[in-house]
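Student: As a plain string of letters, each chain reads:
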Amino acid sequence: EPEVTQTPSHQVTQMGQEVILRCVPISNHLYFYWYRQILGQKVEFLVSFYNNEISEKSEIFDDQFSVERPDGSNFTLKIRSTKLEDSAMYFCASRQSFNYGYTFGSGTRLTVV
Amino acid sequence: AQKVTQAQTEISVVEKEDVTLDCVYETRDTTYYLFWYKQPPSGELVFLIRRNSFDEQNEISGRYSWNFQKSTSSFNFTITASQVVDSAVYFCALSEAVDTDKLIFGTGTRLQVFP
Chain A
141 EPEVTQTPSH QVTQMGQEVI LRCVPISNHL YFYWYRQILG QKVEFLVSFY
191 NNEISEKSEI FDDQFSVERP DGSNFTLKIR STKLEDSAMY FCASRQSFNY
241 GYTFGSGTRL TVV
Chain B
3 AQKVTQAQTE ISVVEKEDVT LDCVYETRDT TYYLFWYKQP PSGELVFLIR
53 RNSFDEQNEI SGRYSWNFQK STSSFNFTIT ASQVVDSAVY FCALSEAVDT
103 DKLIFGTGTR LQVFP
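If you read the protein sequences in the order shown, they are chains A and B.
Residue numbering for the first sequence follows this note's numbering, starting at 141 and increasing by one per position.
Residue numbering for the second sequence follows this note's numbering, starting at 3 and increasing by one per position.
Read the hints as simulated data drawn from the structure, not as lab findings.
Careful, some of the hints might be misleading.
Think about it this way: if two alpha-carbon atoms lie no more than 35 Å apart in a straight line, the pair counts; the simulated DSBU-like pairs of lysine-lysine are [as the list claims (entries may be wrong)]:
id : chain 1 : residue 1 : chain 2 : residue 2
1  : A       : Lys197    : A       : Lys182
2  : A       : Lys197    : B       : Lys18
3  : A       : Lys182    : B       : Lys5
Partial pick of chain A residues on the chain B-facing surface, computed with a CB cut under 8 Å [said to hold, decoys possible]:
id : residue
4  : His169
5  : Tyr171
6  : Lys182
7  : Glu196
8  : Phe205
9  : Tyr242
10 : Ser246
Each residue gets a CB set at the ideal place from its N, CA and C atoms; glycine is no exception.
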């Protein structure tokens, strides 16, 4: 069964450093998403991406965050200057269209020290 | 505004007991989708079910069943004859079909099944 692949599975970074979280969505999917889950809390929407542009973003997704689909297969989330409170599990998801369900990747656990 | 409430923070049962996880949602839309996801200790989100707002039929899949009632805005999940492997956090989620397609998650219910 097709999968959404996220790398790395765990990343540790120093506060103030830039990080890039990578995702390879399912190849025929057109809608892409990033979600975040702070340890022990609920999963929160960050951003949705369609047709090479952001279609919606949450209040969490401020100027420190950006997304890109650089080569037609990867979908990346960049955090420019990480803060301690960015420590969380980040999930990438994709889906084929509005009539289909979401497929989530297994997540990247980001630890900011 | 959209909202999903899972009032049960944690439930503990003994193997073979039946358990029901509650989910209550709020939305202004008439067209929407409801989901359940399982998050085992390994952390990934495992899709369990997706139901659209026009389909109120209950669904059964093996030991899992779902009861969707629009009159009470609830989408409850029952595990029959629970097993230790069912231990996980279960999230209910809502997606509206118009204007936005983001998933709104509830706070989750941690289910512990003891042998």
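Student: Can Glu196 (chain A) be said to touch chain B, with a Cβ gap under 8 Å?
Tutor: Cβ of Glu196 (chain A) sits 6 Å from chain B, so the hint holds.
Student: Given the hinted pair Lys197 (chain A) and Lys182 (chain A), is their Cα-Cα distance within 35 Å?
Tutor: holds, 17 Å
Student: Would the pair Lys197 (chain A) and Lys18 (chain B) pass a check requiring their Cα atoms to be no farther apart than 35 Å?
Tutor: The given pair, whose Cα atoms are some 43 Å apart, is violated under the 35 Å limit.
Student: Checking hints one by one. Is Lys182 (chain A) an interface residue toward chain B, by the C-beta closer than 8 Å rule?
Tutor: It holds, given that the least Cβ distance between Lys182 (chain A) and chain B is near 5 Å, below 8 Å.
Student: Regarding the hint that Tyr242 (chain A) lies at the interface with chain B, is the smallest CB-CB distance below 8 Å?
Tutor: holds, 7 Å
Student: Does Phe205 (chain A) meet its interface restraint, that is, does its C-beta lie within less than 8 Å of any C-beta in chain B?
Tutor: violated, 15 Å
Student: Against the 35 Å threshold, does the CA-CA distance of Lys182 (chain A) and Lys5 (chain B) hold or violate the hint?
Tutor: OK: Lys182 (chain A) and Lys5 (chain B) at ~12 Å, within 35 Å.
Student: Do the numbers back the hint for His169 (chain A), that is, is its least Cβ distance to chain B under 8 Å?
Tutor: Violated - the Cβ of His169 (chain A) stays beyond 8 Å from chain B, reaching only about 13 Å at its closest.
Student: Next item in the hint list is Ser246 (chain A). Is there a CB on chain B closer than 8 Å to its CB?
Tutor: Hint on Ser246 (chain A): holds, closest Cβ of chain B at ~4 Å, below 8 Å.
Student: Would the hint on Tyr171 (chain A) stand, with a C-beta cut-off of 8 Å toward chain B?
Tutor: holds, 7 Å
Checked against the numbered hints listed earlier, the structure breaks hints 2, 4, 8; every other hint is satisfied.
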